[in-house]
Amino acid sequence: MKALDARRGDERVERVRERANWMRRRSLQMIYEAGQGHPGGDLSATDVLAALYFGVLRYDPATPNAPGRDRFVMSKGHCTGALYTALAGAGFFPEAELSTYLQPNSRLNGHPNRTYLPGVETNTGPLGHGLPVAVGIAIAEQIDSAGYRTFVLTGDGELQEGSMWEAAMLAGHRKLSNLTAIIDRNRLQQGARTEDTNALEPLADKWRAFGWEVVGVDGHDHARLLAILDAPTTPRERPLCVIAETIKGYGVSYMQDKAGWHHGVPNAEQYAQALAELAGSEDQA
Amino acid sequence: MSAAAPFAPGLFDCRDAYARTLEALAAEDPRIVAVVNDSVGSSKLGKFRDRFPERLINVGIAEQNMVGVGAGLANGGKIPFVSGAACFLTARALEQIKADVAYSAANVKLCGISSGVAYGELGATHHSIEDLAWLRPMRGLTVIVPSDPWETAEAVKAAAASDQPIFIRISRMPVPELEHRAPFAIGKAEILRDGADVAIIAAGTLVHRALAAAEALAAGGIEARVINMATIAPLDEAAILAAAADCGAIVTAEEHVVRGGLGGAVAEVLATQRPTPMRILGFDGFQPTGSAEWLMERAGLTAAGVAAAARDLVSRKRD
Numbered sequence: 001m002k003a004l005d006a007r008r009g010d011e012r013v014e015r016v017r018e019r020a021n022w023m024r025r026r027s028l029q030m031i032y033e034a035g036q037g038h039p040g041g042d043l044s045a046t047d048v049l050a051a052l053y054f055g056v057l058r059y060d061p062a063t064p065n066a067p068g069r070d071r072f073v074m075s076k077g078h079c080t081g082a083l084y085t086a087l088a089g090a091g092f093f094p095e096a097e098l099s100t101y102l103q104p105n106s107r108l109n110g111h112p113n114r115t116y117l118p119g120v121e122t123n124t125g126p127l128g129h130g131l132p133v134a135v136g137i138a139i140a141e142q143i144d145s146a147g148y149r150t151f152v153l154t155g156d157g158e159l160q161e162g163s164m165w166e167a168a169m170l171a172g173h174r175k176l177s178n179l180t181a182i183i184d185r186n187r188l189q190q191g192a193r194t195e196d197t198n199a200l201e202p203l204a205d206k207w208r209a210f211g212w213e214v215v216g217v218d219g220h221d222h223a224r225l226l227a228i229l230d231a232p233t234t235p236r237e238r239p240l241c242v243i244a245e246t247i248k249g250y251g252v253s254y255m256q257d258k259a260g261w262h263h264g265v266p267n268a269e270q271y272a273q274a275l276a277e278l279a280g281s282e283d284q285a
Numbered sequence: 286m287s288a289a290a291p292f293a294p295g296l297f298d299c300r301d302a303y304a305r306t307l308e309a310l311a312a313e314d315p316r317i318v319a320v321v322n323d324s325v326g327s328s329k330l331g332k333f334r335d336r337f338p339e340r341l342i343n344v345g346i347a348e349q350n351m352v353g354v355g356a357g358l359a360n361g362g363k364i365p366f367v368s369g370a371a372c373f374l375t376a377r378a379l380e381q382i383k384a385d386v387a388y389s390a391a392n393v394k395l396c397g398i399s400s401g402v403a404y405g406e407l408g409a410t411h412h413s414i415e416d417l418a419w420l421r422p423m424r425g426l427t428v429i430v431p432s433d434p435w436e437t438a439e440a441v442k443a444a445a446a447s448d449q450p451i452f453i454r455i456s457r458m459p460v461p462e463l464e465h466r467a468p469f470a471i472g473k474a475e476i477l478r479d480g481a482d483v484a485i486i487a488a489g490t491l492v493h494r495a496l497a498a499a500e501a502l503a504a505g506g507i508e509a510r511v512i513n514m515a516t517i518a519p520l521d522e523a524a525i526l527a528a529a530a531d532c533g534a535i536v537t538a539e540e541h542v543v544r545g546g547l548g549g550a551v552a553e554v555l556a557t558q559r560p561t562p563m564r565i566l567g568f569d570g571f572q573p574t575g576s577a578e579w580l581m582e583r584a585g586l587t588a589a590g591v592a593a594a595a596r597d598l599v600s601r602k603r604d
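Which chain is which? The protein sequence lines are A and B, in order. Here our numbering is used: position 225 in the first sequence is 225, and no number is missing along the way. Position in the second sequence (first residue = 1) + 285 = our numbering.
These are calculated hints, taken from the structure and not from any lab test. Ideal Cβ positions, reconstructed from N, Cα and C, are used throughout, including at glycine. Take the hints with a grain of salt, since some may be wrong.
If you anchor each label on the Cβ, the simulated ranges turn out as follows [claimed, not checked]:
1) A:Arg208 <-> B:Ser447: 35 to 43 Å
2) A:Pro104 <-> B:Asp604: 48 to 56 Å
3) B:Asp335 <-> A:Gly147: 33 to 41 Å
Footprint (simulated), chain A over chain B, 3 or more residues, beta carbon under 8 Å [what the hints assert, rightly or not]:
4) 489–497
5) 522–530
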């Protein structure tokens, strides 16, 4: 039985790994074709999103507003390359629609819109909004004991917004054990390093002080992400903060850890190189 | 009269109607919850809290979080009434109102308590006389300014029955119960008194003052139409255009600055569709300290002030 579980576990990790690689290639294609986007943050967040949508979240794309669904809130709303590929891969809308990214009147806006795109829980874009909304969802679940889980992915630079700490304080106070906040800790914000701009460290201590359980993880390690994001075997008593140590631009050598790729767009040569590198990592797997 | 003093007989605090109605609705519909920013007392929700303790969510002094939490509660199937002093709710959390509520079309009811200059002596930080200007342009956000306890209760009921984002501006200034002529309907103006010499379009605490102004005008031979424009957005353009056609002169009156509120909304309709002589009554900007009633008198937001503006317009029309 144990061996069977392990094999099933391996299959799940393999599926997440394959989906993450596809998301990287597809989101870069979207950005290359649209001539706009946020590749650095997309690539940074891709593995977390792949783990959630292809390993953890319980949802039915045919009934995207089912009351008992697990919720995912994309607080770093500018990383739509990662979000839209996850939602399309999960079946919320056709994959072919990804080719309309940022085109006039496309449902695939630069920032996600719940009023016309299935699978989006709340409109984000301005930073500092996702965590308060996720806290509200978690409170609704707490009132009803409805049994669903709420996840939110925030940027790290985004934690400079005061509204995030208002929400963090309330989640700790209310012991929202049904809530998981994942921080995409790539240490770069739009223009510079977070620690050179307005330092976040000691980050884990801050969340602990606000009443959260805190765990750090390599944000590109699918097996570890799945293990941490899975429902706990013994119920938690507090909300969980996952500090996902990530690399902005992960998977494309020339983009990695470079602030300039926050919203850079590859030229034809760079795009070909990126695809070749990602295909190479797929072959090695 | 100071805002804290007991009201004279026949005068009411609309917050009481708000709290009473919300409690009654909550007894029938378990989805209704209240979200407050340490404002249980100022929202008069103490009884609601005692009766439904787990449905009163106090986020503390954190308005941005309060509105975001409201949007999240709506996502989780609740009907949140997010209640806080209008000045803080609308100004501090404006981007949350825009992105999380209006743009997201979240089923959140925003209740701006003690709006206008009700906190007179506390000064301009606590006055909420810019809120209509920054909420009115947000497409999809309904903005309601009730005139009395009955209309406050009706607005709260209509808000609970709707699945759309709604802002209700709730005064603590003493107001009488008005004799209404029509059932409350979101987006529908109510003609409280008919006349063809001049139309007075008012909202909130100015409606009873407009009615008193019409009485005074009638004594001098001027018949004024008094329109209660309880919904500022979406605006009842037909009622405005009909008033312009029938009366040829329009006075607007509101407990708000003269830019961007009800007067601005009416002017947008008239300037583009039927240019008509107008007077816009309201505050000219940040107000000094002083009782709410003193501030209203100073700005001419009284029956006499409204009547004087109407007389002026009518005399110019007749010249």
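Tested hints:
Roughly 42 Å separates the CB atoms of Arg208 of chain A and Ser447 of chain B, a value that falls within the hinted 35 to 43 Å. Checked against the given bound of 48 to 56 Å, the beta carbons of Pro104 of chain A and Asp604 of chain B, roughly 53 Å apart, stay inside it. The supplied range of 33 to 41 Å is broken by Asp335 of chain B and Gly147 of chain A, whose beta-carbon atoms lie about 29 Å from each other. Counting residues of the segment 489–497 of chain B whose CB lies closer than 8 Å to any CB of chain A gives 0, so the stated coverage by that chain is violated, three being the minimum.
With 0 residues carrying a beta carbon less than 8 Å from a beta carbon of chain A, the segment 522–530 of chain B misses the three-residue requirement, and the given coverage is violated.
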